[in-house]
Amino acid sequence: MTEISYRDAMRGAIRDAMQADPRVFLMGEDVGHYGGCYAVSKGLLEEFGPERIRDTPLSESAFTGAGIGAAMAGMRPIVEIMTCNFSLLALDQIMNNAATIRHMSGGQFNVPVVIRMATGGGRQLGAQHSHSLEGWYAHIPGIRVLAPGTVEDAAGMLAPALADPDPVLIFENALLYSETAEVDLPVTVDIDHAALRREGSDISLITYGGSLGKTLAAAEELDAAGISAEVLDLRVLRPLDEAAILATVGKTRRCVIVDEGWRSGSISAEIIARIIERGFWNLDAPIARVCSEEVPIPYARHLEEAALPSVAGIVAAARTVLGR
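In our numbering, the protein residues as written are -17 to 306.
Everything labelled a hint here was simulated from the structure, so no lab data went into it. Please read all numbers here as calculations on a predicted model, not as lab measurements. Some hints could be false.
Calculated lysine to aspartate or glutamate pairs in the EDC-like style (CA-CA distance at most 16 Å, straight line) [unchecked claim]:
hint : residue 1 : residue 2
1    : K24       : D37
2    : K233      : E164
3    : K233      : E252
4    : K24       : D12
5    : K24       : D3
6    : K233      : D266
If you anchor each label on the Cβ, the simulated ranges turn out as follows [unchecked claim]:
hint : residue 1 : residue 2 : range
7    : E202      : F91       : 43 to 53 Å
8    : S183      : G51       : 48 to 58 Å
9    : A298      : G31       : 22 to 32 Å
10   : L178      : E203      : 14 to 24 Å
11   : A282      : L228      : 13 to 23 Å
Glycine residues also receive a C-beta, built at the ideal position from the N, C-alpha and C atoms.
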């Protein structure tokens, strides 16, 4: 077992992929000389050189499009976008090209590109660097959307993502980069299924990514009060592991969904719809959800904390659903 950080796990996964396959290269703003805005690629330029660690201009649409073209030509690019807010500048490339080309070409061309980006608030970086837009991307057919919430998943999701013949988006919550854990390397991670992080019998807490730690902490607090909470980490936001969602709700019959995205039109709304469609008769109480407040994420610390999901908010929602 090796104790590593989430940041080191991502860097190690990139290094392993580049050593294993000469077609893999990394491109993005400040990924080379600066080492990445969250230091994920620090040292990789010296190890692999500028042909494979490519600094790009501030041009998300251009370098994402270049990555898509390289993937179609047989390379295995990893495109890094600083934050998911900036990915909107590349939305046309992701949605109208990466996600559609295999379908529009009748299967003649596929786009095996991996696009990584930071997501989430909590760092006092202001509204334009703090949003959680992974739920938006989970709306788009033709792509796979991953949200590693543990160090182990950060270490093990990149390899199967690069092996996927279709575009894969990886959303890395920026608050997790300094989290550490002991991991048995090398690790192989399933990118098709959710992971049950804690078993329980009274209520299901369904979450992903940066909200996983808060949700587990809430489960601990509920346990101290005599409430047994099960925690399901979605890990894959598209395609959703619907069977795992229905299984945990069928077991506990009560559910709270924790999602750092905004409530309206969120991935939490999609999960609720699927439970209602296929698991309604298993429910003993209305479903609740804990989401970010529907405002641009504030800069001021106390307002930012008030806008994001909290352990106290999750505990309160669970108690409300349970009526105790």
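Going through the hints against the structure:
Our distance criterion of 16 Å between C-alpha atoms is met by K24 and D37, whose separation comes to about 12 Å. Between K233 and E164 the CA atoms are separated by roughly 30 Å; this puts the pair beyond 16 Å, and the hint is violated. With a CA separation close to 20 Å, the supplied pair K233 and E252 exceeds the 16 Å bound. This hinted pair checks out: K24 and D12 have alpha carbons roughly 10 Å apart, not beyond 16 Å.
Between K24 and D3 the CA atoms are separated by roughly 20 Å; this puts the pair beyond 16 Å, and the hint is violated. Restraint check for K233 and D266: the C-alpha separation of about 11 Å stays at or below 16 Å, so the hint holds. Taken as a hint, the range 43 to 53 Å holds for the pair E202 and F91, whose Cβ atoms sit roughly 49 Å apart. Against the hinted window of 48 to 58 Å, the Cβ-Cβ separation of S183 and G51 comes to about 51 Å, which satisfies the hint.
Between A298 and G31 the beta carbon distance is about 53 Å. The supplied range of 22 to 32 Å is therefore violated. Checked against the hint of 14 to 24 Å, the C-beta distance between L178 and E203 comes to roughly 19 Å, which is consistent with it. Take A282 and L228: their Cβ atoms lie about 40 Å apart, and the range 13 to 23 Å is violated.
In terms of the numbered hints stated before, the structure departs from hints 2, 3, 5, 9, 11, listed from lowest to highest.
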